[in-house]
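Novice: Single-letter residue listing:
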Amino acid sequence: MARAVSTRRKTIATAAAWGIGLLVFFPILWTILTSFKTEAQAIADPPIFLGFDWTLENYRVVQERSDYMRFLWNSVILAGGSTILGVIIAVPAAWSMAFVPSKRTKDILLWMLSTKMLPAVGVLYPIYLICIRFGLLDSRAALVAILMLINLPIIVWMLYTYFREIPGEILEAARMDGAGLKEEILYVLTPMAVPGIASTLLLNFILAWNEAFWTLNLTAANAAPLTAFIASYSSPEGLFYAKLSAASTMAIAPILILGWFSQKQLVRGLTFGAVK
Amino acid sequence: MSLKRVLGATTALTLCSAAAAFAQDTTITIATVNNGDMIRMQGYTDQFTEETGIGVEWVTLEENVLRQRVTTDITTKGGQFDIMTIGMYETPIWGANGWLVPLDDLSEEYDVDDILPAMRDGLSHDGTLYAAPFYGESSMIMYRTDLMEEAGMEMPDAPTWEFIREAAAAMDDDANDINGICLRGKAGWGEGGAFITAMSNSFGARWFDEDWTPQFDQPEWKETLSFFTDMMNESGPAGYATNGFNENLSLFQQGKCGMWIDATVAASFVTNPEDSTVADHVGFALAPNKEGVEKRGNWLWAWALGIPAGTQKADEAKQFIEWATSKDYIELVAENEGWANVPPGARTSLYETPEYQEVPFAEMTLNSIEAADPTNPTVDPVPYVGVQFVAIPEFAGIGTQVSQEFSAVYAGQQSVDEALEKAQAITQEEMEAAGY
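Chains as they are written, first to last, in the working numbering: chain G, 1 to 276; chain L, 1 to 436.
A few of these clues could be false.
[As the list claims (entries may be wrong)] The following label-pair restraints were derived from C-beta to C-beta distances:
1. Gly397/L with Met117/G: 16 to 26 angstroms
2. Gly98/L with Lys264/G: 38 to 48 angstroms
3. Thr128/L with Met117/G: 38 to 48 angstroms
4. Pro219/L with Pro27/G: 10 to 20 angstroms
5. Ser415/L with Gln63/G: 48 to 58 angstroms
Keep in mind the hints are simulated off the structure, nothing from the lab. Where is the CB? At the ideal position from N, CA and C, for every residue including glycine.
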């Protein structure tokens, strides 16, 4: 009897999960479908779901008009660079907070998070002026640093949470065996926290990839990533929804594929330490 | 000897790299929006590069992002762009602040006097031109000739609002999913705000009196807003409070609107059989007025090219502007893509070209542009310039807040009186804070 209930529950839970999953995925699916329509079909009312003549015309136009590879390369460098740099800085920070906390550790953690509460536009002018001063406008270096800084609180928090799950005794044992600080972090702590670090890397890569305030405001022709590529297809006077969808699909495809292949790692990392 | 060689080689290398740097310097960066005419221009830039040896980098952005981006850059003298695509709102303000390079030494060949006077005035400050119009627009009525005929009515060339309301009610057909009239209700000073401000002129309303006192407590504003809301509730599409240019364009192209009053550039879209299902049944008329009021509800706008004062490449930028807004460019597009696709509303000579006169919307576009007067937009005198906006730096913020209040009326969230009261308070407060 108990078994029957559990099966029914399982079925309901599975159906609900699929339902929510499809609901969340639907806008992306719709964007992908629209990218294969003509402009007229894209705005047709009632909307056409699948029964249209599939065309690659929008992709051809987008390829012809924009240098997709340049935008893609910039996105990879900005997201990759800022994430790696962030993790390098955050691992020692999270280590000290998790294993040698001081009286103020909790406050510092909260304070770090509070920097995320300031609307980005509030510091646009100071940052813009700094970039002008150092000749860093439209440069990848400035954006790598800025994206790293805005994601750093999240990276530190995530790593701190994972590190807290690791028993301090293991590190103590390593120290007893003569491991120095470097060895302790590199050879004992890091390997144990790999799932956590991997999911932190992935999540921050995705956040940096999608960041669309600084990447639009501090770039022009050279350092513009895929967010600028999408923005260039939005039109105030004209209906270019199909082309905009094609550009969006091309911009999200790499990150979608990455997410698809690493979903196991991502879920494992995100739920790491959640269940005791 | 060897030292001499080293020195010689170093000098040669330095010269080479200087030359290389110089060669790179002849690339200009242009910030622009993704409108059809702009995209077309990007396609022809190779010809400009071939003719002049100057390379062109395009940075295309969404309109609001572009505004924010170029404003940040110009106020901080960031020097990211050598040419910016700006409108009639920014140009006189930025020109007055010394942020734009004056275009007072354009070549004779360019024929600056050929620019339509309304456009030239709107893009000048104290008589100096600060941006050259790439294309200009006003607003006009686009209507379905077949539905008008079915309704047993005939559109005059210059109708009144009363006629429009009557015609909208007659054409409205819920069974066939046809709305009598589609108008902008979306919040934003450049969206619904632009429409209602232009419309208010034709009811004799104004934003400010000559002492900069807001005028939303005057009966003309109440009449404008009530008329708009009543007409749209009777014959407009559902959810019109969130419809802007693109939403209405989409509705009209699918045959779901009897009338649409909006930018004249839309005429080429709705008459293009590739995109529009009603291309053969579109007629044009001047924007309406209230009976007895001389001013009409049409606006004036230009997408223009200006040079930020911080640029190091002003000469090259000027060369590009002369090329892109020249008579030759218009001919180049006409030759390759037909006269209906040339950038409209910028030059007088275009409207004198016999081939262009045959384009169905050419005459009405010119008449509409000529009917708008930015220095004298409404019945009573005003201290500002601008038809559908007020050319002061504070307006973008105020205009957006006020139009949000109006959109809340369209959505049925508050009454006309409440919205006007709030609009008056918001404007008063902002203007006082700004020191008017």
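Novice: Each of the hints needs a verdict: does it hold here or not?
Specialist: Here's how the hints hold up against the structure:
| no. | hint | result |
| --- | --- | --- |
| 1 | Gly397/L with Met117/G: 16 to 26 angstroms | holds (23 angstroms) |
| 2 | Gly98/L with Lys264/G: 38 to 48 angstroms | violated (59 angstroms) |
| 3 | Thr128/L with Met117/G: 38 to 48 angstroms | holds (45 angstroms) |
| 4 | Pro219/L with Pro27/G: 10 to 20 angstroms | violated (46 angstroms) |
| 5 | Ser415/L with Gln63/G: 48 to 58 angstroms | holds (52 angstroms) |
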